[in-house]
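Construct the entire structure; sequences and hints are all you get.
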Amino acid sequence: MATHWYLHTGIEMELLVAIVDNGTAIDAIKAGEVITVQPDGWGWGSEELANANWRIISAPILGTHAEILQMGYILGELMVHGKTYPRKAYLLNLSALPNSSQFSGARTAPIISMQSTDVIGATTKVA
Amino acid sequence: MGTVTKTVGTSSRQYSTLSAAIASIPSNLVTDGNNYVIQLYNDSEFTGTPPLGNVSGFTTDASHTITINCGSGQSFYDNANKTTNKLQYNQSYGVGLRATSTGSGSAVIAVSTDYVTVQGLQISDGGQTQAAISQTGTATHSVFENLVCESSFTSSGSGAISLTGATAVNCLALNNAGGTGCISQGSNSIFVAITSVQVGSANNYGFRGNYDSPLYLDCVSMGFGTAFKSGTSGSSDYNCSGDTTAPGSHSLKSKTYANQFVNNSNSSSRDFRVKSGADLINAGTPESSYTGGLDIINQTRSSSTPTIGAWEYISGGGVTVNLSGQGFTFTQANVSEGTALTLSGSTPTFTQGTVAPNFGMNLTGTASNFTQASVAMGLVINPSAQNLSFTQGSVMPSWTVGLSGINIAMTPANIVPNLGLMLNDQAMNFTAANLGPFAASAFLNSQPLNFTTGFLNGGAPTLPEEYITFARRKTRM
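Going down the list, the protein sequences come from chains P and X. To convert, count from 1 in the first sequence and add 326; that's the numbering used here. To convert, count from 1 in the second sequence and add 44; that's the numbering used here.
No wet-lab data here; the hints were simulated from the structure. Computed from a predicted model, the values in this text were never measured in an experiment. From the three backbone atoms N, C-alpha and C, an ideal C-beta is built for every residue, glycine too. Careful, some of the hints might be misleading.
Claimed, not checked - Computed spacing ranges between beta-carbons, pair by pair:
(1) V74(X) - A376(P): 51 to 61 Å
(2) I446(P) - S313(X): 40 to 50 Å
(3) G349(P) - N326(X): 41 to 51 Å
(4) S312(X) - G431(P): 47 to 57 Å
(5) E338(P) - S298(X): 56 to 66 Å
(6) T349(X) - T390(P): 45 to 55 Å
(7) V81(X) - A378(P): 18 to 28 Å
(8) A376(P) - S88(X): 14 to 24 Å
(9) S55(X) - I337(P): 45 to 55 Å
(10) N134(X) - S427(P): 43 to 53 Å
(11) T47(X) - A378(P): 17 to 27 Å
(12) G349(P) - S145(X): 24 to 34 Å
(13) I437(P) - V74(X): 33 to 43 Å
Below you can see the structure in the form of structure tokens.
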């Protein structure tokens, strides 16, 4: 099915993304996790702009896609089954993003701009 | 071993979101060797898709912990008016976190790491049918204390506070949608001094243990279909319920909801401070090993017979305050009484003060002046003073206002009683003032009564109109 650009264009948002795993636990922060999504022009704190393990992506994504990227497992599942689940249901495949070299090593730009289709294309459901 | 503190607020802080501050903590605190404290600042309300904070995947122990609390002076329990503020979610009182979209069904704050303490926050699901705070997994040493938690979850499967073995102390757990207040799932959670209330339809549970037997001490549950679901620890005691389910031989049962709290309505007026005469007062047992001898706003609890629930009732200056001197002045003062405040002196003056007794206020002095003062009454205000003047003040009794003084001026003051307004004065002047009795009647028998740019919202006012002058506005029925 053809992909229509207008289906993927929302308002400009800023995504704070982890680029490395923070530990090995199943429910630890993983590379590609969207830590938070905020509106364009958000006043980030000094550590959020400087942390070498994070990047900020600016892209015009839909609000529904922003919610998907922040989804975890529902509380009922967590309480009833007592099982450890990953923090998020979806991650960004950093190697699938344009200029993927920006997502490793030193942080060279405080905010990286890209298209909504780039973010959508890199969105991957956690197994 | 040290303590690393991270600040969260607007861009002047290290972090703008709780999520990022949590994500910055190293995964293994034991090998890292530090405790971590995340301090939130009330620079603005924290909003977004839940979870606004998710503490998971960290290795901790009793000496390497994570604490989420408020910066100095930032919590609702630090507020200068904490004893007179309504006990409800209100970000103007202190740090508040509120969900603004449904998300995936996570709580607003989710904790699955052990040895986590969450303290002093106000947490609301913002009508998004989520839990306010949850603990899952084996985080049984985690503690949630001094929290205001509001939820609109509609079923029994989750509560404003949802635990699987942790401890909650000194919290308000409010549901406004017929759901559950607090739930413990499978791991015998501990609830101490919790006020669990329903302001929506009377369904589900105030406290629900699901496949376990939680411990309940000094907890109150009101407004639910069932206050305490069966299956409780045999050590539970000194609780209170609106039905017959409160566990423990010393517990209070079948008590009237409306008699316990200042306001239990499903409205912005709701206020779960304990009111004078409540059954909860002096009916608890000291559990200072949990509470530290303090209540939800850090008031000292009775060392022998504390109040059941999150709020310790303190009679303060006495049930009744009678001021009969001359020329007493309240400047940026707050007067909060349980029953009555009687001012019979001359020229009492309130300047930017708040007077909030629960029941009655009698003003019989001469030349009482309220400047930017608010008077929120429970039942009756009977100022028979002469030259009573309200300037940018508000008078909000619940039942009746009787103004029988002479030369009463309201500029531009508001009078918002719920039921009745009786004005029997001479020469009353309302300038840009609003009168808004909601239900029963307004009896205006004054002469002459002048409204200038004000309006009268009444149910069925009796107006001897030959004496009443409206300039620019008339009645709005």
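Hints, verified against the model:
1. For the pair V74(X) and A376(P), the beta carbons lie near 26 Å from each other, so the given range of 51 to 61 Å is not met.
2. Range check, I446(P) to S313(X): Cβ separation about 46 Å, and the 40 to 50 Å hint holds.
3. Our hint of 41 to 51 Å for G349(P) and N326(X) holds, since their Cβ atoms are close to 49 Å apart.
4. Between S312(X) and G431(P) the C-beta distance comes to about 52 Å, which sits within the given range of 47 to 57 Å.
5. In this structure the supplied range 56 to 66 Å holds for E338(P) paired with S298(X), their Cβ-Cβ distance being about 57 Å.
6. Separation of T349(X) from T390(P) is about 54 Å and conforms to the stated range, judged on CB atoms against 45 to 55 Å.
7. Against the hinted window of 18 to 28 Å, the Cβ-Cβ separation of V81(X) and A378(P) comes to about 23 Å, which satisfies the hint.
8. Checked against the given bound of 14 to 24 Å, the beta carbons of A376(P) and S88(X), roughly 22 Å apart, stay inside it.
9. A beta carbon spacing of about 21 Å between S55(X) and I337(P) contradicts the range 45 to 55 Å that was offered as a hint.
10. Look at N134(X) against S427(P): about 48 Å separates their beta carbons, and that is inside 43 to 53 Å.
11. For the pair T47(X) and A378(P), the beta carbons lie near 23 Å from each other, so the given range of 17 to 27 Å is met.
12. Taken as a hint, the range 24 to 34 Å holds for the pair G349(P) and S145(X), whose Cβ atoms sit roughly 28 Å apart.
13. As the Cβ distance of I437(P) to V74(X) is approximately 35 Å, the hint placing it in 33 to 43 Å holds.
Figure legend: structure checked against the earlier numbered hints; hints not met, in rising order: 1 and 9.
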